[in-house]
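S.K.: Chain by chain, the residues run as shown.
Protein chains: 2
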Amino acid sequence: MTVSQNEFSLIERFFFNTGKSPFPVVLSQGDDAAVVDVPVGKQLVMSVDTLISGVHFPELTSASDIAHKSLAVNLSDLAAMGATPAWFLLSITLPKFDEVWLSEFSASLKKTSNQYQIELIGGDTCRGPLSISIQVSGLVDQNNYVNRKGAQLGDLILVTGELGNAALGLAYLQQRVILPATLIEPCLEALNRPSPRLELTGFLGSYASAAIDLSDGLVGDLRHILDQSQKGATIRLDSLPVNDFIRSQQEYNYALTGGDDFELCFTIPTQHKDVIDEWNDKNPQCKLTHIGEITDRNYELVGNHKTENLNNWQGYQHFE
Amino acid sequence: MTVSQNEFSLIERFFFNTGKSPFPVVLSQGDDAAVVDVPVGKQLVMSVDTLISGVHFPELTSASDIAHKSLAVNLSDLAAMGATPAWFLLSITLPKFDEVWLSEFSASLKKTSNQYQIELIGGDTCRGPLSISIQVSGLVDQNNYVNRKGAQLGDLILVTGELGNAALGLAYLQQRVILPATLIEPCLEALNRPSPRLELTGFLGSYASAAIDLSDGLVGDLRHILDQSQKGATIRLDSLPVNDFIRSQQEYNYALTGGDDFELCFTIPTQHKDVIDEWNDKNPQCKLTHIGEITDRNYELVGNHKTENLNNWQGYQHFE
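One line per chain: the protein sequences are S and L, in this order.
Just so you know, my numbering puts the end of the first sequence at 320, numbered straight through with nothing missing.
Just so you know, my numbering puts the end of the second sequence at 320, numbered straight through with nothing missing.
Pulled out of the complex, with its shape left as it was, chain S reads as follows (with noise of 0.2 angstroms):
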């Protein structure tokens, strides 16, 4: 679709220099689409997330952090496959034209997109309630992408960095918990600002026989491992990455179909086992955690005093 000229000027205002793709860019903005080059001996990984106001982000997040999750989400998909990203489209419906606001959305956008290296290409604007969706394409070498069916038996299985601290944030703005003072910092990081895990794509490249992001609740996401695998698994509660108030109050929900976290989930060979403390010992800021096992048939989690089954379960429901 072609754009006013008013809708153009905004974009040209506040979507122009955006990060830069280390991939080329042969036709950006300003035209009916985009044109790229696809290296030889790459192949093309595209997703696309939208984020709606009240839904995927309090009505009253900031401008910049509802810029960076945005983005974030997406990008969070691109690391879950081991591709590195390259390119994204941005198609942003706003109930008016606020200058302030799009000034803030527009300077966390060119941050997150430079820290991540990826470029906006093309895109549009619409009037309406606020909604963003954001398409993004990254690259992986000719058929080295992760997807979910690879899991096998007897593969560890590994998540990176806290679970539940989103779904903790998310509870506190909405009153139902109250928490720590030194907690409410990091677990409103965490549902406004995720780190999509894109330090890992080399290493889920070499050692993952599946992987997954961590959108919905680890319970629910890691299923889609175990269906497409068609394994079981067990999780060991006490092995679970979680903040100390989850770990003394025993509330594992959050953890365990709390969503939001935007960590990845994903399985690795047992003889790669050495590799998680190599890992962790270089990159403590994005720490992996054992914990549980692929297994034949059944999906279990076990506990202090009971083992639970999990097929059951059921993570957030977007249609209920």
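Just so you know, the hints here were simulated from the structure itself, not pulled from any lab data.
Hints are supplied without guarantee of correctness; some may be wrong.
Each pair may be met inside one copy or between any two copies, as identical chains are not told apart.
Result set (SDA-like, lysine to any residue): computed pairs, CA atoms no more than 25 angstroms apart in a straight line [said to hold, decoys possible]: (1) K110 with E199; (2) K96 with T257; (3) K149 with N17; (4) K42 with V26; (5) K287 with S62; (6) K96 with E251; (7) K20 with P186; (8) K111 with E189; (9) K96 with S53; (10) K96 with G54.
Given the coordinates of chain S, assemble chain L onto it according to the supplied hints.
M.R.: Showing chain L alone in chain S's frame:
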């Protein structure tokens, strides 16, 4: 973003088995992202358009027409680049789970994607005010895309089809105009079921110096070509391809500033003039009309009794 079990079932039920791409799909729906192969020697052309209920289509538009139009307006962008469709991603936001609506939407999406051989490889579903965001990818031979900035002095300006029908259809629905009975159906068809002019892909690649698709009205859209090519243009009112109602009532505004035609406007060097008649003889369903020429600087409309300056005309404004 991963999807819940329910969302996955929804996608599986309604959005699998769409049209097939002539280009290789390595990994389709059901993972964090899709993986495709871009053949060596091809460049990737990408565009995104979001359609919002009440903005881009009247609220009473059928699910079938919404599906067709959402894909068609994106395919129209590929057509304007001289690209061949390959794959698309769909992000659909629905106020509620409505099985009848979804069945109708998906049947129409399948039909249109089959017709244009474009394959749905991923997407997401959200709950919220009805909107459809589609991202299309197409391919062109290396550096054989058509952009907006190549128009040269003396080039002929051509458009496809008839202009103004979609805007007339909208005016009819909004009871702003009374149409002759024979025009009602074609004007509503133009509004709700535009035809992306992909049959011109090879022609544009061979002859066009610049191209754009007409989404916001001829005057504003052609201006983008003129701005980027740093040229002027003369359009002749008499030459515009319009229906009898517009001609007899002198209601040229529908054709000049009415949106949503999704015809193509493009320029060709004057030495290729003969190919117009050749094309029209063979393609009566996609007639080309020569409406004017590229000039050195002024942007003018030559009418019966006067010449009007078009520099200050405004197309449809998304943010007024």
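S.K.: Which numbered conditions among the earlier hints are violated in the structure presented, ordered from lowest to highest?
M.R.: Those not satisfied are hints 5, 6, 7.
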